[in-house]
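Following the hints, put chain B in place on chain A, whose structure we already have.
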Amino acid sequence: GAGVSQSPSNKVTEKGKDVELRCDPISGHTALYWYRQRLGQGLEFLIYFQGNSAPDKSGLPSDRFSAERTGESVSTLTIQRTQQEDSAVYLCASSTQAVAKNIQYFGAGTRLSVL
Amino acid sequence: AQSVSQHNHHVILSEAASLELGCNYSYGGTVNLFWYVQYPGQHLQLLLKYFSGDPLVKGIKGFEAEFIKSKFSFNLRKPSVQWSDTAEYFCAVNADSGNTPLVFGKGTRLSVIA
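If you read the sequences in order, they're chains A and B. In terms of the working numbering, the first sequence is numbered consecutively and its last residue is 123. In terms of the working numbering, the second sequence is numbered consecutively and its last residue is 137.
Check before you lean on any hint, since a few could be wrong.
[What the hints assert, rightly or not] Have a look at the derived ranges for each label pair, beta carbon to beta carbon: (1) A/G67 / B/Q68: 18 to 24 Å; (2) B/E89 / A/D71: 41 to 47 Å; (3) A/K109 / B/S49: 16 to 22 Å; (4) B/K81 / A/G67: 28 to 34 Å; (5) A/G79 / B/L79: 15 to 21 Å; (6) A/E93 / B/G76: 38 to 44 Å.
[Unchecked claim] As a list, the in silico DSS-like pairs of lysine-lysine whose alpha-carbon atoms are at most 30 Å apart: (7) A/K65 / A/K25; (8) B/K129 / A/K23; (9) B/K101 / A/K109; (10) A/K65 / B/K81; (11) B/K129 / A/K65; (12) B/K129 / A/K19; (13) A/K65 / B/K84; (14) A/K109 / B/K129; (15) B/K101 / B/K84; (16) B/K129 / A/K25; (17) A/K109 / B/K84; (18) B/K72 / B/K92; (19) A/K23 / A/K65; (20) A/K65 / B/K72; (21) B/K94 / B/K81.
Read the hints as simulated data drawn from the structure, not as lab findings. For clarity, every value in this text was computed on a predicted model and none was experimentally measured. For each residue, glycine too, the CB sits at the ideal point set by N, CA and C.
Chain A extracted, bound-state conformation (with noise of 0.2 Å):
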C-alpha cells in the first residue's frame, strides 16, 4: 500500500477486554515495530519482527501483551484484560529492513482509551 495502515484509528474498552490492534505495513518492508505513546511521554518500544526470525519482545510491559505477524504482512498487537494504564497511542512502523541505518514509516496509530 501507499503507506502504513492501522486499524481501528480509535478504540474504547472496558477495563479487563482484551483488544486486538491491526497494522499492515508498507508492500515490500520487512521489518515491522510497535510503539506506545501514553500522554506527554514520547513513543516507548514495544515490539519488532524482521521477516521470519523470532520477534525482538524486550519491549513488551507484560505478559498481557502479545503481537503475531505472518511473514511480511500484516501484525497484530493482543492486549488482554485491559488496564486503564494501557491507554496510549499505539503507532505502528515499517521498513525495509530492520538494519540500525534505516528510516522507519509511521502509521496514524491507534488510540486506545481503557475506562
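Okay, now just chain B, sitting in the frame of chain A:
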C-alpha cells in the same frame, strides 16, 4: 541503555522567528540520529537524519540539525519559522550496531503564531 532528552516541552514563537530545539542523548557508542515531525492530524514523518559524515544535516522545509559528538547533542534549527511549522517534534536515536529500534525523546510542541 540509551535515552534521549528534549529540553523544551512547549515552544511558542512568532512567524519569522528563529528556532532551535534541543536534543541530547546518552549512549557511549556510535549512534544514528533522527528528527521526526508530527503535524496536527497527521502521522509521524522523518524530518532529517544523521548517519555519518558532515555533522550538519539538512532536511525538508528548511530545517537543519547539527550533531556535536562531544556534547551528545543533535539540535534542530530553522532560521525563520512559518505558521505551518506548528507541530510536535521528536528526536530519536539508535545504536549503530545490529538491529536496534529507535529511542525517542518526549517531544517538543512548537506553536507558531502569526
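Going down the list of hints, with the structure as the test:
1. A/G67 / B/Q68: 18 to 24 Å: 22 Å, holds
2. B/E89 / A/D71: 41 to 47 Å: At roughly 43 Å between Cβ atoms, A/D71 and B/E89 fall inside 41 to 47 Å, so the hint holds.
3. A/K109 / B/S49: 16 to 22 Å: Given range 16 to 22 Å: holds, Cβ gap about 20 Å.
4. B/K81 / A/G67: 28 to 34 Å: This hint holds: roughly 32 Å between Cβ atoms.
5. A/G79 / B/L79: 15 to 21 Å: For B/L79 against A/G79, whose Cβ atoms are near 41 Å apart, the range 15 to 21 Å is violated.
6. A/E93 / B/G76: 38 to 44 Å: 42 Å, holds
7. A/K65 / A/K25: Holds: A/K65 and A/K25 sit about 22 Å apart, inside 30 Å.
8. B/K129 / A/K23: Cα-Cα ~27 Å, so holds.
9. B/K101 / A/K109: 25 Å, holds
10. A/K65 / B/K81: 34 Å, violated
11. B/K129 / A/K65: 22 Å, holds
12. B/K129 / A/K19: Between B/K129 and A/K19 the Cα gap is close to 23 Å, so the pair holds against 30 Å.
13. A/K65 / B/K84: With Cα atoms ~36 Å apart, A/K65 and B/K84 exceed 30 Å; violated.
14. A/K109 / B/K129: 22 Å, holds
15. B/K101 / B/K84: Holds, because 9 Å separates the two Cα atoms, which is no more than 30 Å.
16. B/K129 / A/K25: Cα-Cα ~29 Å, so holds.
17. A/K109 / B/K84: 22 Å, holds
18. B/K72 / B/K92: 15 Å, holds
19. A/K23 / A/K65: 24 Å, holds
20. A/K65 / B/K72: It holds: about 26 Å lies between the C-alpha atoms, which stays within 30 Å.
21. B/K94 / B/K81: Distance of about 20 Å is within 30 Å: holds.
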